[in-house]
Each structure stands twice: as C-alpha cells, then as structure tokens.
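Construct the entire structure; sequences and hints are all you get.
2 protein chains.
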Amino acid sequence: MLKRSVKTMALVVLSSLFISSQGCANESKDEWITLGTMAGPIPNAVNSQPANAMIVNGNTYVVDAGDGTAGQLAKAGLSLKGVKAVFISHLHFDHTGGLPAILGLRWQTNTFSDLTVYGPPGTKATVEGIFQFMRIGTEGGYGVPGQVGKPANTNVHVVELGDGDTVTNDDFSVTAIRNTHYSWPENSEEWKKYIALSYKFDVDGASVVYTGDTGESKALIALAKNADLLVSEMMDIDHTIDLVVKANPNMPEQVALGMRKHLSNHHVTPQQVGEMATQANVKKLVVTHMSPALLKPEHYEKYTSAVAEHYDGDVTLAKDLDRFPIGK
Amino acid sequence: MLKRSVKTMALVVLSSLFISSQGCANESKDEWITLGTMAGPIPNAVNSQPANAMIVNGNTYVVDAGDGTAGQLAKAGLSLKGVKAVFISHLHFDHTGGLPAILGLRWQTNTFSDLTVYGPPGTKATVEGIFQFMRIGTEGGYGVPGQVGKPANTNVHVVELGDGDTVTNDDFSVTAIRNTHYSWPENSEEWKKYIALSYKFDVDGASVVYTGDTGESKALIALAKNADLLVSEMMDIDHTIDLVVKANPNMPEQVALGMRKHLSNHHVTPQQVGEMATQANVKKLVVTHMSPALLKPEHYEKYTSAVAEHYDGDVTLAKDLDRFPIGK
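Chains H and X, in that order, are what the protein sequence lines are.
Take 335 as the starting number for the first sequence in the numbering used here and just add one per residue.
Take 335 as the starting number for the second sequence in the numbering used here and just add one per residue.
No wet-lab data here; the hints were simulated from the structure.
Careful: at least some of the hints might be erroneous.
Any copy, or any two copies together, can satisfy a pair, since identical chains are not distinguished.
27 Å max Cα-Cα, derived DSS-like pairs, lysine-lysine [unchecked claim]: (1) LYS580 with LYS415; (2) LYS409 with LYS630; (3) LYS363 with LYS630; (4) LYS409 with LYS580; (5) LYS580 with LYS552; (6) LYS458 with LYS636; (7) LYS630 with LYS618; (8) LYS617 with LYS552; (9) LYS653 with LYS409; (10) LYS458 with LYS484; (11) LYS630 with LYS653; (12) LYS527 with LYS415.
Shown next as structure tokens:
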C-alpha cells in the first residue's frame, strides 16, 4: 500500500508541477484573442487554422478549435487547465481538428475540471468519437502497474444548440442562430441534421458576435444588431476564381459561374462583410478566417480598404494572437 | 443533371486549386524533419508537441503526430496530400493529438490517396474513433444539396505492429520493437495490450532509428546498432525533480525517490541518451522530445554538452523544423 500511495502522491505532485509551469493568463480584462486567422482546410505556413479564445473573468472559452489550438493557446499564455468551454460553430474539420488534442492533453495533465463543448446537432456524436479515439490511450495510462486511468469523458459535457437557443453560465449568456454556410432546402432532413451556427456572447453588458463560416444572412445581421464587437469570416471570391481560372485555363465559363455561385452562397466577400457591419451598426469589426491566405502586409492593407469602403467603423484584419478588448 | 455536373466539376477544379496552392516540398533528397521537438503533454509556446516527417523519394511519412502536426507540415513546405503514412510510437495523446486533423483536413481537401497509419496494438480502435469523430462532418459535407460525402475511412488503412515486426513499402523497410516506456509485468494482460514502440527505418542503405518515448532498453540499443541516424527522446529527470521539490517544499523524501524511479524507468536522461548512442555506435544523434521545455540558447548548449560527455559522435539538440539528411 505504501508503494501505491507513493506513486499516487508522485502523480499528484507532478500534476501540480504542470500547473505551476504552464504560465499565467492575462486575467486582468475580458478580451477576444484570434488564435488562428486563416480559413481552412489547407494548412498555412504563417497563420493557424480557425480558432479563437474569449477570456471572461479570467476564464478561457475556446471558439472553434482548428488544428493546433492547444499550441496557439500556449502562445497566447493560456493554460489548457483554464479552458471552461469550447464553442464549435459547425463540424467542418478546419474548425474541430484541434479539439481531440485539447481533450487528450487535458486528460494527460490530470485536468478533470468541468469542460463543456457547445455546438450544433451532431456535436455529441462528434465528441463521442473523440472519447473512442482516446479510449486505449486512457486505459493504458502511463504504463504504471496498478494505476487506473480515468475515462476519457470525465467531466466533459456536451450541449447541442439549435437556431435561437440561448444558454447562460457564470460568465455570460450565449445565443446561437442558424446561418447560411449550408444551403439545404428548408425543413429537409439535411436542414434538420446539419446546421452551421453563429454565436452572440453577452458579456457583462457588452455583446460579441462571431459569424463562424457563413454566407449573407439576415438572421445574422439581426443577431449582430448594435454589437460592440463583430468577429467575421471573409472570403475573396474573385481572387479565388482568378486562381482557379489561371490553374485551369480551359475551364468552361459555365463552370466558373457555378463555382462562383456556390462559394458566394456559403461565404462572405470583403464587400459583404463591410455591408453586414454597417447594416448591423456594430461598433468594432474584426475580420478573421481569411481566404485565400494573407501572407504580406499589403494583403492586409488591401482587404482592410475593401471592407472599409462599406463600413465606416473601426475594422481590423486579424493576425494570429491579436487581442481585442471586450467591454463597453 | 447539368446543374449537378457543374457542381461536381467546380469541386474538382477547387480540389486542383488546393494542390497548386499548397507549395512544393523539397523533394531532392531524403531527410528527417523534426516538426515538433518538445515533450508533451504541456503545450509549449515556442516549440510544438512531438512530431516528425521523414521524406523518402519525395514522399512524406509522419512519425508521431502531436497537436498541430498539419500546421507544422505546412511550415516545412509539405502538403498533406504528400503524406503516404503515419507511424505512431505509442498512444499517448501528445503523440496522437494531431492525427484527427490530418485525416480530417485530408478528407476536406478531397485527398483520397492511400494513407496507412502504423502503430502499436490499439491503433485500429484509436483510428476508428477518429472516423467516428469525423462521421457527422463527412455526412454533412459542404452543405451542397445532392452532394454525397465520401466516408471518413476512404483509403485510410491501419496496420498494427508488435515487437519485432517488419513491414516493407516502396520506399523503405521498417522494424518495430517494444521499448520500456511502459513497465507492465511481462506477459500480463496489460503487457499484451499496451505497447510503446521504437522504429528502425532502413532507407536505401541507410538506417534511421526513432526511439519514441522510452526508458533504457537493451532491445533498443540492439535495434540502433550502427545506425546512421538515431533520433532519441530525452528527459532531464534531475531538473524535473528540482522543479517539483521547489513547488512542493514539504514533499517527503520517499515520495521524491518514488517519483525519480518512476520517471527514470520510462524516459532517458541526457547521460543515458549519450550512453545509448555510444553503445549502439550510431553515426549521428539527434535529440528531440525534450523535457522540461528548452527555451533559451544556453539550455540547448547545456544539454548538448551533457549528452556529448557520453557520446563522441555528432549530436544535435533539435529545434522545430530542423532538417537532417538521410543517407550513407
């Protein structure tokens, strides 16, 4: 028994080391941090896949979790131990690919505080898949005879949200709406099963709206009305088409038109981002999830100007690890 | 039908854009690239979780896949489309956390070339979990009515390897052995189920040995005998103990001794790394998977010296994205 308890104590002590060596978050103010600012699904050499952190009262809320989110949190000075919840906008893998590592590394550092994953219908099945992915690793544990690992799902909760749902926790209220990233016929089976969400976070009198991936959407403009901060996706459809045409000089015009229509339905151009911010009368606009990848300062200047033609307010095209205060 | 075929063509064209915009790997020579050089499970702000890429004949083989591996591949100029196989040393999440994103982003960029995941027993169940994680995302696809997404497991294969197994592909032969990262009693149920592997890759007349996580191991020294390149983990047990003692000044001496024994069994110190390289008579030693995190140049110098006290050959403490030629 003594031998066993020594092992147990050693693991507890190691766990406390993990806490002390993880660095401290800046807990002095509420803020939004763009952890990953390029659109997926192609990994980018400069900026990471879609991910954000919202810090409220010193707690960390991850909003979308693309590949490498755990590492990006560390670069932002944030510990996995401080993550209270993860909000997933939709179940494309450029927005979820980093979630298995978050849950796995949490487990591996003995972090068993409550964590809730919020997302659209299908999020429960998706997270159950992560628990299956983790099963053998948790059962084998650290290879210490007699040590029994806790189940992968320990204190991990999932809440699926539909159009118009609002939930409240200690730090804020959040409302989800269905946006237009998918174009299923209304009331079809797919329309009921596969939903892309935009979120509004009401944080201590300030509101932050995160579009996720979306096309133009009246519901989204209504959600964002008078928001203090709008964090929007953006896709340069024209530039994307140009790249495709150059790479495929024999592409029939009809195909180009079809592709343009398809992309336009599911994403928003710089003009549309600016118009949305104006129509919603938001106080501050942050653009993220950019496509194609922005690599040079002039790319950022170009698109900032393109958005600003349609929105007079404060606009920033975000880079990875940029921080934006949340507050009136 | 015309409408449908236009959509299909548009997706094919987009897929070709993905290819053309992903940049080109350096395909002129075989090499080992350390994509992530710090030990897990705590994410590090400077260097990534354990991951490597081995380039042979222009093909990419990922060796361990911690969080952010897809992004690290992009930083190394490598496309996900070029990944032919992933080798997992053991099923701790700091070595597997980036695999779901690799498989998910592959799918999302219409990459359906063959990919094989090699790993210890339990790898099949682990990858099946990833397919479950991907199920809803693949079924919903891009939200285009009439478009049916391919299953998550399309052309993804899993091969489980045990102690002494050798497999051969077009580019190399690989041999796996059981190392000492786990300390199950021999022939126990756990010993049969949970195995940590080291790998030897025989590449066009040169041999590369990757320790994975391990304690001292005679089998590993035998595997590495006369290797051209040994890529080894390393843990500074003394420094780790010091940190723990400082953080827990009242820790009983017996607990410290128990912890030291536990860590020593499952990892190798700088001295042990050097001794292993000498005993195996390897031509070149690359040290990665360092613990605690190395953040300053003097940390690298200190541990390089510590290893070099016990090994006269060429030694490098790797940083993320370092490249090492493979060849006689």
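Each hint, compared with the structure:
Proximity of LYS580 and LYS415 under a CA criterion of 27 Å is satisfied inter-copy only: 21 Å between copies versus 47 Å inside one chain copy. In the homo-oligomer, the alpha carbons of LYS409 and LYS630 lie at most 27 Å apart both inside one protomer (21 Å) and across protomers (16 Å), since each shortest distance falls under that limit. For the identical chains of this complex, LYS363 and LYS630 are neighbours neither inside a copy (31 Å) nor across copies (30 Å), given an alpha-carbon limit of 27 Å. In this assembly of identical chains, LYS409 and LYS580 lie within 27 Å of each other by CA distance solely across copies; the values are 25 Å between and 37 Å within a copy.
For the identical chains of this complex, LYS580 and LYS552 are neighbours neither inside a copy (34 Å) nor across copies (57 Å), given an alpha-carbon limit of 27 Å. When the C-alpha separation of LYS458 and LYS636 is checked against a cutoff of 27 Å, the pair qualifies neither within a copy, at 41 Å, nor between copies, at 48 Å. Only within a single protomer do LYS630 and LYS618 lie at most 27 Å apart by alpha-carbon distance; the minimum there is 23 Å, versus 39 Å between protomers. Taking the closest pair of Cα atoms, LYS617 and LYS552 come within 27 Å of each other only inside a single copy of the chain (18 Å); across copies the shortest separation is 65 Å, beyond that limit.
Taking the shortest Cα distances, LYS653 and LYS409 sit within 27 Å of each other both inside one copy (13 Å) and across copies (16 Å). Taking identical chains as interchangeable, the C-alpha atoms of LYS458 and LYS484 lie at most 27 Å apart whether they share a chain (20 Å) or sit on different chains (21 Å). Taking the shortest Cα distances, LYS630 and LYS653 sit within 27 Å of each other both inside one copy (11 Å) and across copies (26 Å). In this assembly of identical chains, the alpha carbons of LYS527 and LYS415 never lie at most 27 Å apart, being 32 Å within a copy and 30 Å across copies at closest.
Against the hints set out earlier in the document, violations occur for numbers 3, 5, 6 and 12.
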